[in-house]
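Read off the chains here:
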Amino acid sequence: MTRGSSKAWIALGVGLVWFYLILWPLMGITPEGLQFIPSLVVWLKVAAAAFVLVSLNQLRTAGALAFIGKPTTAAWTEIRKIYKKVPVRVWISVVFFLALVFPLTTGRYEKDVVINVMIYVCLGLGLNIVIGLAGLLDLGYIAFYGVGAYTYALLSVHFQLSFWLCLPVAAVFAAVSGCIIGYPTLRMRGDYLAIVTLGFGEIVRLILNNWMSLTNGPNGILGIQPPGLYWPGFSSGLTLEYIWLKKLNYLYYVILALVVFTIIAVHRLNYSRIGRAWEAIREDETAAELMGVNTFTLKLLAYAMGAVFGGLAGAFFAARMRFVSPESFTFLESAMVLSMVILGGMGSIPGVILGALALIALPEAFRGFELYRMLAFGGAMVLMMIFRPSGFWPAKRMGQRSEERG
Amino acid sequence: MSVLSLEKVSVRFGGLQALSQVSFDLGPGEIVGLIGPNGAGKTTVFNVITGVYSTTGGKVAYDHKNILGLRPHRILALGVARTFQNIRLFQKMTAMENIMVAQHCRTKAGVAGAILRTRGQKHEEALIMDKAMEVLEFMGLKDKAGEIASSLPYGLQRRLEIARALGSEPKTLLLDEPAAGLNPLESRALMGIIERILDRGVNVLMVEHDMKVVMSICHRIVVLDHGVKIAEGGPREIQKDPEVIRAYLGS
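Chains R and Z, in that order, are what the protein sequence lines are. The first sequence: position 274 = 274 (our numbering), numbered continuously. Counting from 1 along the second sequence, just add 406 to a position and that's the residue number in our numbering.
The following block holds chain R by itself, in its conformation from the complex (with noise of 0.2 Å):
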């Protein structure tokens, strides 16, 4: 046994100890007195569990796997190969074209996850930009998503506007609320720009929660209009119908056309002179403002672009829900959203996508699980800072970028 083993074997130990110690008060401190079976069956298994995983990095270290990793890698190198031959744009329309025939294969619940994906998808691109692009970490972006819920909320319960009228109108909303949050708390950088953005994020929904003439508090809003339609109807020769799109089919391509909007625009914009200058105040922000970029509109700008899309899925997210209430517009969603950002990639478009499915369609898959999800969640973070510090698909470099695109 060499010496970096005998280490891995300690630390397993020590680590083993530790945690019984932590285990046994949790579980073993009952009302009926101290117990010990229910606490050391738990961790007879998660030492087993350890036990096997250390054995397994052992013999990996040692070369023992060899047999294993050599072709698995060579396997992952061709179909990387394969995945750099093929032009990104088919990758795009494959990928695009499962999402159109999606809806049609699978049932209700299915499609409900899949909207919930999409319509994160969206606030994750908006907060990318903060936070991926001008740097900028805003803990309360949900802000923006719940005054582009309660925007379109009230226009239609007060005003019956339709949803595609009340879609831009959310998204100014959202907008001016951006700078008007942004303009105070600019000038602060780092953790205090995001202590300041965490409570703007709560006075947003303290307010929501509590105007009650306007937004009827706790109690939330009933009877928002799904999004309309005028449609050719043949019944009585050609005529135009309004029909509601109640059905989620037709919600999961509205969300649809809404994330392909998001995407192409942050696509567009992270690769224009203005996504260069958010890049540039996020490596360095004296250096930016000296080299000619305004620092101070561009951030306002980050910010009020960031709100934009969250604003876009708040609308879509009151049309769909037909209610909302501040119980969506928590801190806990602010740190979701974030949480999507970060385990993605910061900055890449493909990564907040993947983010978003990890964390909104994995938890629906282990439904059993779900008391647990913080736990995952935590866990999960820790490894991938420690694995991949800069996400599932980190953002691409424009040097290559350009290549691809010629």
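Derived from the structure by calculation, the hints contain no laboratory data. Just so it is clear, CB atoms sit at the ideal spot from N, CA and C, and this is done for glycine as well. Treat the hints with care, as some may be off.
What the hints assert, rightly or not - One side only, chain Z facing chain R, incomplete, derived with CB under 10 Å:
#, residue
1, G445
2, L474
3, F490
4, F496
5, A571
We have chain R; now place chain Z onto it with these hints.
Just chain Z now, with coordinates in the frame of chain R:
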């Protein structure tokens, strides 16, 4: 070409008088060296010119227009670009992108243009790329265009900083210790580059400790000590100036 002039500029940080009544100017087609012992206030002069620090007195004019109190990005737009003593590139961006950022103030496509990819915006992007490529070529960095700035070797990073400053199409370039950390071969190449920059119609103000570089390419030299200008003149005069010798060797 443009004229930069400082007139009785003073800067005070609390109890420290960083600059007191410093006056000099930079004429068209000139390379002026700014030297002095550590802490003499050379970088402070740069920060005053580029709008990072505010002054407690005096005037700074560019093209006979007052530039005091302007935000740094406005000063760059007027044509004063600078490099940094400790390299401050946009680390995670490619060499090309670094220079493209500098074109920000020369272009104007907005959010709508970017999202809709209008014809004007596309044209502008192509123009930005061309200009960035031209600067990279000028600085001999063409083959490094797609490389991440932080992965470049130190000497090339220094060069990329100058390239980035040039990318903003300045009329005046402020170089803060461009030869710091370069080997003799590299600093000789740097001198060649600075002279070619002058041929582009850009005048240069540089802070430098490497006397070989300063004495061989500067037309005029301004010497600062403890925030006071103690001498100004051609390289020969400066080398013989008793005040300068005292400041450098101590008394």
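Consistency of the hints with the structure:
1. A cut of 10 Å between beta carbons decides the hint on G445(Z): the least distance to chain R is about 21 Å, and the hint is violated.
2. Given hint, L474(Z) at the interface with chain R, is violated; its Cβ is 16 Å from that chain's nearest Cβ, farther than 10 Å.
3. Contact between F490(Z) and chain R, as hinted, is supported at the beta carbon level, the nearest pair being about 7 Å apart and thus within 10 Å.
4. The interface hint given for F496(Z) is met, as the beta carbon of that residue sits about 4 Å from the closest beta carbon of chain R, less than 10 Å.
5. Nearest Cβ of chain R to the Cβ of A571(Z): about 8 Å, under the 10 Å cut. The hint holds.
Checked against the numbered hints above, the structure breaks hints 1 and 2 and satisfies the rest.
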